[in-house]
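*Asks:* Next come the chains, spelled out residue by residue.
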Amino acid sequence: MTVATRHRELGLSDSEYERIVDHMEREPNEVELAVFSLMWSEHCAYKHSRKLLRSLPTEGPRVVMGPGENAGAVSVGGGLACAFKVESHNHPSAVEPFQGAATGVGGILRDVFAVGARPIAILDSLRFGEVERSARSRYLLERAVAGIGHYGNSIGVATVGGEIYFEDAYEQNCLVNAMCLGLIEEDRLIRSAAAGVGNVVLLFGARTGRDGIGGASVLASAELDELDAGKRPTVQIGDPFEEKKLLECSLELLDRDLLVALQDLGAAGLTSSSAEMASKGEVGIDIDVRKVPLREADMEAFEIMISESQERMLCVVEPHRVAEVVAACEKWLVNATAIGEVTDTRRLRVFDDGALAGDMPVTALVDECPLYDLEPVAPAVSMYPPPVAVLSGPADASTTLIALLRSANLASRRWAFEQYDCLVGSRTVRRPEQADAAVLVIGDPPARSALAVSIDGNGRRVACDPYRGAVEAVLECSANLACVGAEPLGLTNCLNFGNPEKPHIAWQLTRAVAGLADACRALSIPVVGGNVSLYNEAGAGPIFPTPVVGLVGELPKAARSGRLGFAQEGDVVAVISAGSWAPAATGSELAKLRGEAPFGELPQADLGELRTLHAAVRQGVRAGALRSAHDVAEGGLAVALAECCLAGALGARVDLAALRPAGEALLFGEGPGAFVVSGDAQSLRAFGGAAVVIGEVGGSELVIDSALSIPVVELSAAHAGGLASLLD
Amino acid sequence: MKIGVVRFPGSCDEVDALQAAQRVGEAELLWYADHDLRGADAVIVPGGFSYGDYLRVGAIARFAPVMEEVERFARSGGPVLGICNGFQVLCEAGLLPGALLPNTSLRFLCRQVGVTVASTATAWTGECTPGEPLSIPVKHTTGRYWAPDPVLDELEAGGQVTFRYAPGDNPNGSARDIAGVSNHAGNVVGLMPHPEHAVDPLTGSVDGLLLFRSVVGAAAALAA
Chain A
1 MTVATRHREL
11 GLSDSEYERI
21 VDHMEREPNE
31 VELAVFSLMW
41 SEHCAYKHSR
51 KLLRSLPTEG
61 PRVVMGPGEN
71 AGAVSVGGGL
81 ACAFKVESHN
91 HPSAVEPFQG
101 AATGVGGILR
111 DVFAVGARPI
121 AILDSLRFGE
131 VERSARSRYL
141 LERAVAGIGH
151 YGNSIGVATV
161 GGEIYFEDAY
171 EQNCLVNAMC
181 LGLIEEDRLI
191 RSAAAGVGNV
201 VLLFGARTGR
211 DGIGGASVLA
221 SAELDELDAG
231 KRPTVQIGDP
241 FEEKKLLECS
251 LELLDRDLLV
261 ALQDLGAAGL
271 TSSSAEMASK
281 GEVGIDIDVR
291 KVPLREADME
301 AFEIMISESQ
311 ERMLCVVEPH
321 RVAEVVAACE
331 KWLVNATAIG
341 EVTDTRRLRV
351 FDDGALAGDM
361 PVTALVDECP
371 LYDLEPVAPA
381 VSMYPPPVAV
391 LSGPADASTT
401 LIALLRSANL
411 ASRRWAFEQY
421 DCLVGSRTVR
431 RPEQADAAVL
441 VIGDPPARSA
451 LAVSIDGNGR
461 RVACDPYRGA
471 VEAVLECSAN
481 LACVGAEPLG
491 LTNCLNFGNP
501 EKPHIAWQLT
511 RAVAGLADAC
521 RALSIPVVGG
531 NVSLYNEAGA
541 GPIFPTPVVG
551 LVGELPKAAR
561 SGRLGFAQEG
571 DVVAVISAGS
581 WAPAATGSEL
591 AKLRGEAPFG
601 ELPQADLGEL
611 RTLHAAVRQG
621 VRAGALRSAH
631 DVAEGGLAVA
641 LAECCLAGAL
651 GARVDLAALR
661 PAGEALLFGE
671 GPGAFVVSGD
681 AQSLRAFGGA
691 AVVIGEVGGS
701 ELVIDSALSI
711 PVVELSAAHA
721 GGLASLLD
Chain B
1001 MKIGVVRFPG
1011 SCDEVDALQA
1021 AQRVGEAELL
1031 WYADHDLRGA
1041 DAVIVPGGFS
1051 YGDYLRVGAI
1061 ARFAPVMEEV
1071 ERFARSGGPV
1081 LGICNGFQVL
1091 CEAGLLPGAL
1101 LPNTSLRFLC
1111 RQVGVTVAST
1121 ATAWTGECTP
1131 GEPLSIPVKH
1141 TTGRYWAPDP
1151 VLDELEAGGQ
1161 VTFRYAPGDN
1171 PNGSARDIAG
1181 VSNHAGNVVG
1191 LMPHPEHAVD
1201 PLTGSVDGLL
1211 LFRSVVGAAA
1221 ALAA
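Going down the list, the protein sequences come from chains A and B.
Quick note: my numbering has the first sequence finishing at residue 728, numbered continuously throughout.
Quick note: my numbering has the second sequence finishing at residue 1224, numbered continuously throughout.
Worth flagging that the hints you see were computed from the coordinates, not collected in a lab.
Glycine included, every Cβ here is placed at the ideal spot set by N, Cα and C.
Among these hints, one or two may not hold up.
[What the hints assert, rightly or not] Per the computed footprint, the stretches of chain B lying under chain A, defined by three or more beta-carbons under 8 Å from a beta-carbon of chain A, are: (1) 1052-1063; (2) 1073-1085.
[Stated by the list, open to error] Derived list of chain A stretches under chain B, where covered just means 3 residues or more per stretch with a C-beta under 8 Å from a C-beta of chain B: (3) 6-12; (4) 154-162; (5) 423-437; (6) 665-677.
[As the list claims (entries may be wrong)] Calculated lysine to any residue pairs in the SDA-like style (CA-CA distance at most 25 Å, straight line): (7) A/K502 / A/G539; (8) A/K51 / A/E16; (9) A/K331 / B/V1015; (10) A/K331 / B/V1151.
Go ahead and model the full structure; you've got the sequences and the hints to work with.
*Replies:* Structure, rendered in structure tokens:
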């Protein structure tokens, strides 16, 4: 094959190739072409999304590190910052779910400790095909969950939350998004900009092998036609023990002020880490690939540059401190090797045992990739076939509620979260299924404030209405935080979409980003980082458009963290809702059970009103006025009431006559803007007309007058068994 | 009173154990490569995945330099507690009887479980009352306690079963619901549940504190 056509194999268009030749002022050689193909891949260059992402608000008084670094960070008081980010590992997980998910966790952990923060929590957002019907989806789920647990448990970072949805649209393209939070003293945050001409570039961590070669360009930037075993070698293999040593070693090096800059090696390996460091520092970097410790002796120069072997970090060190750095690495049983130096050339130069093997302008690699405009066209009909109906014909409210609780999307996640260590680190104040958001204590006694975190993104609702669906993802996280008493500080997102070169996908992406931007502005929540995963489609069509939102907030008193379960007999149950709350069947779990395709407008949220509503719930929880708080989401009000009963192991009797709309839309309809709360009658009066008292906690049944009456043990059996029974 | 907490490469719960120990006295981390217990009056071998749990859980850690000192300390009557991976290490080192096998589910399991105190005649349970129910989390893949039946009979007869899972709460298929055992002298105890994750009402129960309080008394008695 000639170089003249090789660029197409590597995912570059003819015009992109011509542009590279212009910048190089000659034809690139094989090493250079490999480097360019990765730096100019969708995964690294965001060429179909960067223009859109500019519309997201990124500034706020608490932002201490915005987008562009390994992770964003917000100030959380007491001189501490929380660094966090969510990232996808979708394509590798579709090919090899255990290692794909495990290395997804490993990658996001490195992003967080690359800025100097000690990781304290992991969350995961997962999407698979219908596990009731698809053996392949059951396999992907089981192996992905095992992989997440394997990595997170072994490295000793608590997995505190997450979400899982099952839809046919993810049958061929599962989604595995992992989020990590870390803590660091604000003034100790480290950036990745290389600096200091003559300083040493040092690679530490695992040896470099052929695993993951071309992962970013081959797997992450093109459609997966089908389960392609031939692509399996491009999936990286994770070693959490190596990463544990790397984590402790990196934090010690930073603690001792031995590093000028630090960067993790993720997608595109040495290529992107060195180019990004040089670009940010406005310097050049020389690397000699023969100095890189290898797993396989005969690796080509280009292979060493693009390998995605895991558990590696790149740092810049002043020459007189190299010996100290190497000694600290040895203490942690970590390899460290000087492989290059910082130059003033603003070029990335690759040497192979001293001989120049590649020489590229850094700006061309990092900044000159063409950015494309999308050409959005709204579809006239649903892009997705209707799901298989589970409820056929009219059903009474009891039957419907039990069917919803048992459905894979709403059933208990205990099967999954018990495979994760949610306790290590001794910060976990609210464990999974105890509250709407995870809560982690920070700070020393007696102050003991806390962080709260939630991750959410309901693809079916975004498929119906990309703008409002994306708005809802932000609102849902904000509502989750309100229920534990937390105020949002910053947001990270992962945009999982199909092929953006197709007009309907472009429409989904454009509208969803507009929704995220508007919701974040209305709630004054800055976006401090994120990730984009496109081309999630295969022969059967695209995935549901799935913008996954991760939201981090704070609460002043950890001991006052809210819970979702009813707390004591005799407490008054109320619904606190916005005037604009208008639950409807469109895009709901009930519509799915009835076999309705996801299509049509969602209820409009009044963002200003919801901001006030969330603040009121937050204050109620903080003040101790609400003994439980739970937002009404998937499955509607009836499911929310059932979940409050299940989490508290208590019944309740309620009458919904004072609420609107009536009937099925009220019981099972979905739309943002309502909470189920409980407390004593006097405390609830403080909410005025926003809180409508509907009944009382007590007994062993959930009774909704004139609709249903079901023993809590029956609710529990449906909820507990829905997912677990498919998998054990 | 000082409690030393061993740190191997791959330990995960050593800081949790350190902080739990600091609730009852002084505490310090002990580096795996040092032949030095730094004057500790009691030693905790903590949870985690020492050396990645590669080869076999606990099998590599038991050869770490610091373990020679821990063994010497244990054989001279010093109080030693192995938690989860630490329990596995102590079994590998021959300081405790039996072995830990993969859970019957073959999966990692993290869950709050009921544990009852089966023996108060150890350095780590003196403050408990016999039969006292405790709520303590487990989190492990390899926690199914096993020993040959005659050994189990002997352990039961000799009061070496220190903790049992509450009826119906055995999370891993352990023989005779055994959650923790001691050596014959009672100074060395190992258990799969994590008492260091049950010391703060904010993050769970406080039942685990009893073990840390117990060793303070035991160490004082030794010193006297």
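*Asks:* Now, for every hint given, state plainly whether the structure supports it.
*Replies:* Structure-based check of each hint:
1. Evaluation of the coverage hint for the segment 1052-1063 of chain B: fulfilled, as 3 residues show C-beta separations to chain A shorter than 8 Å, against a requirement of three.
2. Given as covered by chain A, the segment 1073-1085 of chain B fails the check, having 0 residues with a CB less than 8 Å from a CB of that chain where 3 are the minimum.
3. With 0 residues having a beta carbon nearer than 8 Å to a beta carbon of chain B, the segment 6-12 of chain A misses the requirement of three or more and the stated coverage is violated.
4. Counting residues of the segment 154-162 of chain A whose beta-carbon sits less than 8 Å from any beta-carbon of chain B gives 3, enough to reach three: the coverage restraint holds.
5. For the segment 423-437 of chain A, the proposed coverage by chain B is satisfied: 7 residues have a C-beta within less than 8 Å of a C-beta in that chain, meeting the threshold of three.
6. For the segment 665-677 of chain A, the stated coverage by chain B is not satisfied: 0 residues place a CB nearer than 8 Å to a CB of that chain, which falls below the threshold of 3.
7. Straight-line distance between C-alpha atoms of A/K502 and A/G539 comes to about 14 Å, which keeps the hinted pair within the 25 Å bound.
8. A C-alpha spacing of about 18 Å is found between A/K51 and A/E16, which places the hinted pair at or below 25 Å, so the restraint holds.
9. Taking the CA atoms of A/K331 and B/V1015, the gap is near 19 Å; set against the 25 Å cutoff, the hint holds.
10. A hinted pair counts as satisfied when its Cα atoms are at most 25 Å apart, and A/K331 with B/V1151 does not qualify at roughly 41 Å.
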